[in-house]
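These protein sequence lines map, in sequence, to chains D and B. Number 278 in full-length UniProt numbering belongs to position 278 of the first sequence; there are no gaps in the numbering. Number 14 in full-length UniProt numbering belongs to position 14 of the second sequence; there are no gaps in the numbering.
It is possible that some hints are incorrect.
[What the hints assert, rightly or not] Below, computed lysine-lysine pairings styled on DSBU-like, alpha-carbon distance capped at 30 Å:
(1) B/LYS102 <-> D/LYS259
(2) B/LYS102 <-> D/LYS53
(3) B/LYS48 <-> B/LYS102
(4) B/LYS237 <-> B/LYS252
(5) B/LYS102 <-> B/LYS75
(6) D/LYS129 <-> B/LYS96
(7) D/LYS129 <-> B/LYS95
(8) D/LYS261 <-> D/LYS53
(9) B/LYS75 <-> B/LYS95
(10) D/LYS129 <-> B/LYS252
(11) B/LYS48 <-> B/LYS250
(12) D/LYS280 <-> D/LYS259
(13) B/LYS95 <-> B/LYS252
(14) D/LYS261 <-> D/LYS163
(15) B/LYS95 <-> B/LYS48
It is worth saying that the hints were derived from the structure and are not from the lab.
The chain contents come next:
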Amino acid sequence: MPREAEPSLNERQFILQALQENLRLDGREFDQYRPLELTFGDQYGVADVTLGKTRVLAKASAEVTVPYVDRPLDGIFNIATELSPMASPAFEVGRPTETEVLLSRLLEKTVRRSGALDTESLCLVAGQKVWSVRVDVHVLSHDGNLIDAACLAVVAALRHFRKPDTSMESGILTVYTPAEREPVALSWLHSPFCVTWSYFGDEGEIALLDATWREEQVRVGSCTISLNRHGEICQIAKLGGTPVEAVTLLQCTNTALTKVKEFSSFLDKKLAEDIKRRDKGGLMAELSAENDR
Amino acid sequence: MPLDTSAYSLALLRVDGRRWNELRRIHAQIRTQAAADGSSYLEMGHTKVMCVVTGPSEPGPRRGTAGAGAAGASKAVAEVAVSVVVAGFSSVDRKKRGRNDKRNLELQSTIANALAASLHTHLFPHSVIQVSLHVLSQDGSLLAALINAATLACVDAGIPMTDYVVACTAGSTSTYAAGDESADPLLDLNHQEEQELPGLTVATLGESDRVAVLVCESRVQVGRLEGMLAVGVDGCKQVREILDRVVRDKGKRMVLEGTVAKGEGLEDMDLD
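Excised from the complex, chain B in its bound form (with noise of 0.2 Å):
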């Protein structure tokens, strides 16, 4: 289904009714299972993922092997081992994908990679993080919700980290064309974008300017990067202020649950 482009010079309003430098409706929960060490459940738009973080524990005797091992050979610092499974009800066509599947190897590796970088793996040498994410439904931006679930799941297992690891993905309007000029960055595309336009992940370190992951898989002229790439690093600014609000509201609710004590010096915490 080709998506009609020539909509968009018009109104500058995406199929969706999106501006171009808008986000979709970012919904996160942290959590959520009560048995896991750390768990979360994030919506971008209609991709919709779940994680649940188990670790720092022991390594068992012989894992499989699932999970992309970061660290890998070196027992100083912690492995961080991530599956994905996609589930079958994701997409609109029943896909198999086998569990060797390259493209999702290629995944669990990515997450696990930019995982390692922020969490100080260092503090937990001969032990094993291991990340589950269950993708629910899929709309485009997978990687980027990924990324940003297992951090929130990072959070809530309570990991040493240096910052959020935050994801969005930019596109660009128009396809490869040479000379375009007239083309548009736009921030965070779904599914029917993803699929027509060139587009690219990005995942930065907080809110600092620095690109843990840069995932681009579409032709696209090399002139446009510069905009794209600016586009999702600011994207990817706003999703951390999303993320953030969320382990603040659930930090503050836990507190006036009971839940948990305040901690010392948050006496002038706001609770309301």
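This is chain D alone, in the form it adopts within the complex (with noise of 0.2 Å):
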């Protein structure tokens, strides 16, 4: 199994030494993230999230499934997570190392368990047919922050997707092409986005926002927390590490949430954007068979 280069013991001082005087290697404050991007791609659903050198790529797609026997009025909605050796050598094909497995259940956790894709939307026919939604998550350059990184690229890809619209006539289901009808936005009802705060020190009495790879090579510890604008922890996951002092903890939280206030108004922009730009001539608003609430 390859595995990734250590950090020698004195670049390893060199950046706790220089994080004890307050400065991080690449000059930024201690909570402030990378210059971040999204990008639409051309098709929907398609998001491309950097963050600094960290590449993150999310496409939704959605196809007609028979839904699960046990809950046949939902429809069914999973997030793959793909760490390739494109991103890092440490990655392998086939074989999820401990960073894919924790990536994906985060996700799991925020974007599914919170409950922000209304499932019972999805629902065709009670049983029988339901919209499967995945979400294919792909980290095309790793350095630090993925999950930060790949949440916010799940949900940019998930609001931008539009699924083919359907009607159902006399017991038949007709799937209608982007042609012949505008496709329709998935039914959205919150937008969670991950933080992650990375401690140093010997008690963790440093904490750092947007870590990059060196950064969290010497970390000693780290917690995601996944709120939503209106202030709902979604998901918070300090998976063991150093202790941190429990005030410590709700002082990040805090931070956290206006962290999750800029995600927010972030992402709503560029979608607005977005809807200008596909918008020519301004027929759009003719052509949606969506209905105001």
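Using the hints, put the two standalone chains together into the complex.
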């Protein structure tokens, strides 16, 4: 199994000592994110998130399938993560590493278990036909903080995604192509975002946001907090590592909330821009089959 | 089965008759398995787990990936490898879970990382501490029970550690509806409460306020976190008392039975 080169003792010391003096390697503030970019593809449901040198691509897709027997009224929603050797030599094909398992569990808990997507709205014919929505997360380049970038990409892809319009007439289900009817957006309930704190120092007294890969290699613990802009915690995961004062964790959560609000408005802005870009000639309002609520 | 939370506000008693700040009965034993380096058995209410620790020992030729290595690649410290086996008869419905179940892998990695932060792994380079946990019965607070059992077994194995890593759960009455000011925090959730109410698992290092593990998997208002965390940390202190009692009682009994000699400087130890 190939493994990542460990930072040398000198590098480790240098990073930690700089942090003690309130300095980060790239000169950022402790609670400052790297430049964040989000672009949507030509297709609906493709989101490409760049956070410094970390780059994650998420693609949402939908198909009609048979629902699970125990949940005949719910559609199917899956998030598949893939860490390929392209992102880092430590990742292998086929065998999920610990990083990958934790990443996919976190995304699952943040987006799926918090009920961000209304799966009941994906039902077409109870017990027979439902939409199966799937998001594939591809990590294109890994330079730390995969979780936050991946979560943003997933949420962006799902909010950007349009599934084909359908109609039910006398027991016959028709799925329309985009040419026949304008595809419709998913029924989206709230947008959760992950904020990951990394802790440094013997007692975990230094807390950083958006750690780079080098910083992640020398950190003593981390805590991922998922929130939405309404101030609801969707998930908290501090899975071991050096113990951190409870008060620090509470402060981290409050800072995370302000970051999440920033992410939320950032995504709203990007989505609005994309709609404007697609809406050439201003015909979108007429084409849309969506009702105003 | 929806939990009738409306009754709580009337008598302030929970479904199993506890008050908000009461733990369930914790019963623990150490040195249950004679052949193991360290072992323990722990009950938190109806959640029952067993733990066997082997090591620190030389790593085998090539271990599978069952354990979540906290130390991973570096050989300078001992690796903590945890495996969790959930017995088929442990809950009401027999669910077949594969060995590579992600939930299970996450549990293993959490326990390994939490223990590795407290154990003095740097004293045992090039070695592995194998922690095997078996879940015999599930009734909520599973992660907490597993962490407590693993700590006790590590104490029994005589692995030097900073302090006990103790865990318990905390929850909040009523769901995540905004503006519900009357929500009370609850300590030590059982399965039914875990299903219905928001909750979190906290593990702290001994009696300090330092949190090693914090896992919340349900939607809850951010304002409720502080109350839940405070109750959880307080519960951990109670759990530590109980676990410490178990270890001391066992030590006392072993001295009385003559299994071990009384250590030096312990002449004034109370042996009644």
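Status of the hints after comparison with the structure:
1. Distance check on the hinted pair: B/LYS102 and D/LYS259 sit about 29 Å apart at the alpha-carbon level, within 30 Å; holds.
2. Among the hinted pairs, B/LYS102 with D/LYS53 is consistent with the structure: their alpha-carbon atoms are about 28 Å apart, no more than 30 Å.
3. Distance check on the hinted pair: B/LYS48 and B/LYS102 sit about 22 Å apart at the alpha-carbon level, within 30 Å; holds.
4. Taking the CA atoms of B/LYS237 and B/LYS252, the gap is near 22 Å; set against the 30 Å cutoff, the hint holds.
5. With a C-alpha separation of about 26 Å, the suggested pairing of B/LYS102 with B/LYS75 holds against the 30 Å cut-off.
6. For the proposed pair D/LYS129 and B/LYS96, the alpha carbon gap of about 27 Å is at most 30 Å, so the pair holds.
7. With a C-alpha separation of about 26 Å, the suggested pairing of D/LYS129 with B/LYS95 holds against the 30 Å cut-off.
8. Proposed proximity of D/LYS261 and D/LYS53 is supported: the alpha carbons are some 23 Å apart, at most 30 Å.
9. Simply put, B/LYS75 and B/LYS95 have alpha-carbon atoms about 37 Å apart, too far for the 30 Å limit, and the pair is violated.
10. Using a Cα cut-off of 30 Å, the hinted pair D/LYS129 and B/LYS252 is violated, with the two alpha carbons roughly 66 Å apart.
11. Distance restraint check for B/LYS48 and B/LYS250: the Cα-Cα separation of roughly 20 Å lies within the 30 Å cut-off, and the hinted pair is therefore satisfied.
12. Between D/LYS280 and D/LYS259 the CA atoms are separated by roughly 33 Å; this puts the pair beyond 30 Å, and the hint is violated.
13. For the hint linking B/LYS95 to B/LYS252, the alpha-carbon distance of about 42 Å lies beyond 30 Å, and the restraint is violated.
14. In summary, the hint linking D/LYS261 to D/LYS163 is supported, as the alpha carbons are separated by about 27 Å, within the 30 Å threshold.
15. Among the hinted pairs, B/LYS95 with B/LYS48 is consistent with the structure: their alpha-carbon atoms are about 17 Å apart, no more than 30 Å.
The structure fails hints 9, 10, 12 and 13 (numbered hints given earlier, in ascending order).
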